[in-house]
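Trainee: So you can see what is in the structure, the chains are spelled out below.
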Amino acid sequence: MRIPASFCMTVAVLAMAWASPAAAQTVKIGLISSYSGPGAAQGDQVDKGVKLYMKLHADKLPPGVKVELITRDDTGPNGDVAKRVAQELIVRDKVQILTGVVWTPNMAAIAPLTAEAKVPFVSANASGAKVVGMSPYMTRLSFTLCQSAYPLGQWAAKKYKRAYSAVSDFAPGHEAEGCFVRGFKEGGGEVIGTVRIPLANPDFVPFMQRIKDAKPDALFAFNPAGKQATAMMKAYGDLGMDKANIKYLGTGDITTDEELQGMGDAALGVITVHHYSAAADRPANKAFVAAYKKEYGADLNPGFMVVGAWDAMDAIYTAIRAQGGKIDPDKTMEILTHYKSTTSPRGPVSVDPATRDVINPEYLREVRKVGGKLANVELETITNAIKDPLKEFEKK
Amino acid sequence: MDALLSSLVSVAFHGVAYGMILYVISVGLSVTMGLMGFTNLAHGVFAMAGGYILVSALSRFDLPFPLALALSFVLVAAVSVVLERLLYARLYGASELEQVLFTIGLIFMSVAVARMIFGTLQQPVELPESLKGPLALFGREFPIYRVFLIVFSSSMIAVLWFGVERTLWGAMVRAAVDNRAMAQAIGINTKRLFTITFAVGSGLAGLGGALGAEIIAIQPTYPFEQLVYFLIVVSVGGMGSLRGPFVAALLIGVTDTACKYWLPQFGAFFIYVATIGLLLWRPAGLFGKSA
Chain U
1 MRIPASFCMT VAVLAMAWAS PAAAQTVKIG LISSYSGPGA AQGDQVDKGV KLYMKLHADK
61 LPPGVKVELI TRDDTGPNGD VAKRVAQELI VRDKVQILTG VVWTPNMAAI APLTAEAKVP
121 FVSANASGAK VVGMSPYMTR LSFTLCQSAY PLGQWAAKKY KRAYSAVSDF APGHEAEGCF
181 VRGFKEGGGE VIGTVRIPLA NPDFVPFMQR IKDAKPDALF AFNPAGKQAT AMMKAYGDLG
241 MDKANIKYLG TGDITTDEEL QGMGDAALGV ITVHHYSAAA DRPANKAFVA AYKKEYGADL
301 NPGFMVVGAW DAMDAIYTAI RAQGGKIDPD KTMEILTHYK STTSPRGPVS VDPATRDVIN
361 PEYLREVRKV GGKLANVELE TITNAIKDPL KEFEKK
Chain D
1 MDALLSSLVS VAFHGVAYGM ILYVISVGLS VTMGLMGFTN LAHGVFAMAG GYILVSALSR
61 FDLPFPLALA LSFVLVAAVS VVLERLLYAR LYGASELEQV LFTIGLIFMS VAVARMIFGT
121 LQQPVELPES LKGPLALFGR EFPIYRVFLI VFSSSMIAVL WFGVERTLWG AMVRAAVDNR
181 AMAQAIGINT KRLFTITFAV GSGLAGLGGA LGAEIIAIQP TYPFEQLVYF LIVVSVGGMG
241 SLRGPFVAAL LIGVTDTACK YWLPQFGAFF IYVATIGLLL WRPAGLFGKS A
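Each protein sequence line maps, in turn, to chains U and D. Quick note on numbering: the first sequence equals residues 1 to 396 in my numbering. Quick note on numbering: the second sequence equals residues 1 to 291 in my numbering.
This is chain D alone, in the form it adopts within the complex (with noise of 0.2 Å):
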């Protein structure tokens, strides 16, 4: 009895941990995806360079970890205003075809960047001492560095829920989202929102990637190997939503736990198996709004 209660609580604990990590790499996502409506495949380009900026802050410049993690949320940011003005507002009104076509073409010329800068092989991450190893809880010992990314998403999310459901600039965004042009007529300025919107979206991919280099290595193909977990998170979740992809990270993380720990043979294809069945339950999404 005692072993399967302790069993239930480590593969609890790793379940949400793993939830943390997925959501951690997909809440920029959720933002341009969720948010914006936009598809942006080449989210993971931006939590790919966030990893980069985060390790090359860590081992060449040897930048304390927060300073580090702030660069990548800055850095991506600023650089993905840029890319915005440039080519994604060409964009918005687009057709999800031309949108995927064109982030689909960004992955590919941003692996080969990689990969010319930083070469084929990962970037190891160097993590402040009080980081590492095992921590021990309720007799049982859990990765330090898993306990604080669970307690440092969880304020990440309250952060953004409060900033968009309860600020004036995420009610702006919500009413831009919805209809553009009547958003526009009462004053909103719609396009300076959307940059605004788009750089904290890739702020957090670039955030999110630094945070999770840890665990979801940093190397030239991460944008295309993700690319599938990010959007099944957002998918999972409900597009237009941003609580809908939280509670599908963790419901997704623990299960996936669950089952790897109990039926290890079968590990390699429940996360799939999910998603088909949650969606085929709620095709929208667990919190999307129905079209």
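Isolated chain U, as found in the complex (with noise of 0.2 Å):
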């Protein structure tokens, strides 16, 4: 016998208004995240860091409130499917906040929905300086490349003479090299080439031969973490770059926590700016790694993008208990774009109200053996509260 589908959808439309009531204080969080394709290694540090979060802080929410995750796949740097799924999450599922998003162009695709929708949208990674401003209901836990990439030009003026800059051809790449070229000009170095090597390309020998032949006294380099990142170091070991006195500079995003084991001794010695490292001895992030390590394993380390989703997280907690679970759109955002927190493991981080986006520290780390294992070891503060370069830049 075929039942007839409207009278499924009958039975179906009335199961969920039996159950509501029951669910009033429930808060709805829709998790958009890369869980397959070749993201998915970074959607998972942020699947994991909201899942952390969540798991610790049940207890930290009003009385009677309850958080529901619901989360789903994007498959990689995907705007349409990331438009689609965010759509059924506000227009099927009725979630209140949306969070997550590795990917920049995911975010432009959603812009448009949490602008007509008004549903808060907090980016647990996605860091493309401009995207932000594209929604009035979107914020940023995360970071733009420019916040480390412009003060490790400055810094790197104050220690190097001639530089060279080796981004992968992308559009983080390009506003990186932008930044520190910048940052390094003004700090009076001089920047002998810049060269835009191809995110598809395995080997990295001979852009790396051309610049040891040019000879700088500083590399900048910025490739996605992982095995683009750690081929570009092993081609600089392999040809005695370091030997030939020319250092390895570059944003975190080339020595990621989670990453850094799998990169070995290639990676020792290179120094970056970054807002996050796993080995920083701040008590809040030794009890945030601590619990990450029993949650997860031992042998793995939370990489920024935890901290970013971790972070995320916590601004929509605190939303959610100066409201009493009751989202309201614009309320949340007033209180999204009002966050500060001291108690990241990234150290002091808070939301500039004027461009909704994220004011970080940064920190100067070296790569190091510490206990046998490689770890970004902080060596100064260079400042504990940066907005983001671009749009500083844009205002004179």
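A portion of the hints provided could be inaccurate.
[Stated by the list, open to error] Distance condition first, Cα-Cα at most 16 Å in a straight line; then the derived EDC-like pairs of lysine to aspartate or glutamate:
1. U/Lys-83 / U/Asp-93
2. U/Lys-373 / D/Glu-141
3. D/Lys-132 / U/Asp-242
4. D/Lys-132 / U/Asp-93
5. U/Lys-215 / D/Glu-141
[To be verified] Simulated restraints on C-beta separations:
6. U/Gln-261 / D/Leu-135: 49 to 59 Å
7. D/Leu-101 / U/Asn-384: 56 to 66 Å
8. D/Leu-135 / U/Ala-200: 21 to 31 Å
9. D/Ala-112 / U/Lys-369: 28 to 38 Å
10. U/Glu-88 / D/Ile-117: 29 to 39 Å
11. D/Ala-70 / U/Gly-269: 17 to 27 Å
12. D/Trp-262 / U/Arg-162: 12 to 22 Å
13. D/Ser-154 / U/Ala-200: 20 to 30 Å
14. U/Asp-213 / D/Leu-168: 46 to 56 Å
15. U/Gly-269 / D/Val-151: 29 to 39 Å
16. U/Ala-200 / D/Val-82: 25 to 35 Å
17. U/Ile-192 / D/Leu-280: 34 to 44 Å
18. D/Val-151 / U/Lys-161: 39 to 49 Å
19. U/Gly-133 / D/Val-151: 55 to 65 Å
Since the hints were derived computationally from the structure, they do not count as laboratory data. Bear in mind the structure is a predicted one, so any value in this text is a computation, not a measurement. By construction, the Cβ of each residue, glycine as well, lies at the ideal position given by its N, Cα and C atoms.
Fit chain to chain and form the complex, with the hints in mind.
Mentor: Below you can see the structure in the form of structure tokens.
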């Protein structure tokens, strides 16, 4: 016997109607991340950060308020899919707050939906400079590339005269190159060459040989962490560029904590600027890393994407607490954009109400061996609070 | 002048080394696809398996490097015999489309399995100290591992070429590929022959993945990401030839390296331009038999 579809629908609608009064104080949060495809390693970090935070903070919610997390896969840097799953989350699952998103183009694709449906979105990773400005219901608790590349350029100019920039040929790479070059030149350094390396590239040696033959004092590198960054560092080591007195510099993206052990000794001595290191000795970070290892395994280190997700959830929980579990979109945005925390694993972090973008601390770090394992050891605090320099340049 | 000469030397060296890497990861495919005529897009699966065997043998079981390399050949070859008997053998006579669909399906399954077992992060290769760092030769420094790759792959092609062109086994394989019915009629056990040849091809893929693991990272999407390079090498080299893929890999390696060194802004697409150009000039590949 075939049951008519309309009958099924009616039953489903009735079931939902009955179920809803009991769940009146449930806040629905939609998490969009990459669970499959080439970005699954990154998506996994965001997922772990969100779930770990929820597990450890279940008792920090107002009495009677529950949080329900609904996850969706955007399959990688794929705006169309991100937009579709965001629409499903908003229309069908009726989520009140959205978070997650590894990739900037995905965040851009979601922007119009958040504005139209008035669903606040907190970026846990996507870091393209301009994308937060695309919807009044978007804010960010991750980072922008310029926040690390620009101060790194300024710092490097004090120590090195001639620099060469080598970045992966995609939008974040171009952003990193621009900000480093600007900082380095403002500090009085000379950039003797720049090269953009294709993303699908199995062999870095020819590019690195070219750089070695140009004899710079420092090499600024940016690639997506993992196999690209590792391959480039290996080429640096294999060609003996360290012995040719070329210092390897980069944003923290090239030595992320979760990938660092897989990079091997090629990474030793690399200097980076970034907002987060798993090796930082702040008490908040030590507790965070211990909780992460307890949950996911002693061999794993949380990377900056776990922290981005963790802090995004902390901001969201702050908004839920302040409203007693009844989410009003505009009030939520008001709370999110005035979010401030001193207990984040990364140190002091806040949101700039004017741009709705994150204000980060930045640290100078070097890859060293600590207890036989590679770690991003923080050498000094470059700044306790830096706004996205790109947006600041535009104001001038 | 000195500077130009020395950059010529390094481009030639790095180009040959890169060509060897391309050859090493594609050599198995030049057997299964080039020689046996099976469109085995899942070649990368065997290469990835070899890579995982190598890194696990080195880091978890502390085996010496040569033994780990041998294991990556033997284990992959052994598993491939099972796969060949159960799955591949049914599709020897099938159309190319069916072979493509089947092997693509295998890739999807292997990516999921690799992710489940090893996670999404890339696996570190712990090379022995003697293969790390630079080696000084003629006043320039060359990475030792790449020197080792050049020597090792050259001997591998020599052995393979000898096996196919100069031994009875090679003659039987060539006969069976050209005309299977006739080969059977004169008493060659083609079923067993193909199983052995497939195992050798897959074992070589595993060995290639293991040798290349230091340069081309082993992680779950490996079979997809490297597929285009395998196919370029085999199609430019020409089907049905062992020499072809070797020459093609060297040619592509050297020209691609030269382009990246002198004209880095074109580095992204030169390899594809070269492939299209070569295939327009010789549609059957450099050493392919024209149909």
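Trainee: Compare the structure with each hint and give your call.
Mentor: Verification of the hints:
Proposed proximity of U/Lys-83 and U/Asp-93 is supported: the alpha carbons are some 14 Å apart, at most 16 Å. For a cut-off of 16 Å, the pair hint linking U/Lys-373 to D/Glu-141 is broken: about 29 Å separates their Cα positions. Our distance criterion of 16 Å between C-alpha atoms is met by D/Lys-132 and U/Asp-242, whose separation comes to about 14 Å. Of the supplied pair hints, the one linking D/Lys-132 and U/Asp-93 is violated, its CA atoms being roughly 54 Å apart against a limit of 16 Å.
Between the alpha carbons of U/Lys-215 and D/Glu-141 the distance comes to roughly 15 Å, so the proposed pair stays at or under 16 Å and holds. Between U/Gln-261 and D/Leu-135 the beta carbon distance is about 27 Å. The supplied range of 49 to 59 Å is therefore violated. Between D/Leu-101 and U/Asn-384 the C-beta distance comes to about 57 Å, which sits within the given range of 56 to 66 Å. In this structure, D/Leu-135 and U/Ala-200 meet the distance hint of 21 to 31 Å, their C-beta atoms being roughly 29 Å apart.
Against the hinted window of 28 to 38 Å, the Cβ-Cβ separation of D/Ala-112 and U/Lys-369 comes to about 35 Å, which satisfies the hint. At about 31 Å, the beta-carbon gap between U/Glu-88 and D/Ile-117 stays in the expected band of 29 to 39 Å. As the Cβ distance of D/Ala-70 to U/Gly-269 is approximately 35 Å, the hint placing it in 17 to 27 Å is violated. Hint check: D/Trp-262 to U/Arg-162, Cβ distance near 21 Å, so the stated range 12 to 22 Å holds.
Judged by the Cβ atoms, the range 20 to 30 Å given for D/Ser-154 and U/Ala-200 holds: they are separated by roughly 27 Å. Taking the beta carbon of each, U/Asp-213 and D/Leu-168 are about 51 Å apart, inside 46 to 56 Å as hinted. In this structure, U/Gly-269 and D/Val-151 meet the distance hint of 29 to 39 Å, their C-beta atoms being roughly 30 Å apart. Our hint of 25 to 35 Å for U/Ala-200 and D/Val-82 holds, since their Cβ atoms are close to 33 Å apart.
Distance hint check: the CB atoms of U/Ile-192 and D/Leu-280 are about 39 Å apart, consistent with the given range 34 to 44 Å. Distance hint check for D/Val-151 and U/Lys-161: the Cβ-Cβ separation is about 40 Å, which falls inside the suggested range of 39 to 49 Å. Between U/Gly-133 and D/Val-151 the Cβ separation comes to about 56 Å, which falls inside the hinted range of 55 to 65 Å.
The structure fails to meet hints 2, 4, 6 and 11 from the earlier list, while all remaining hints are met.
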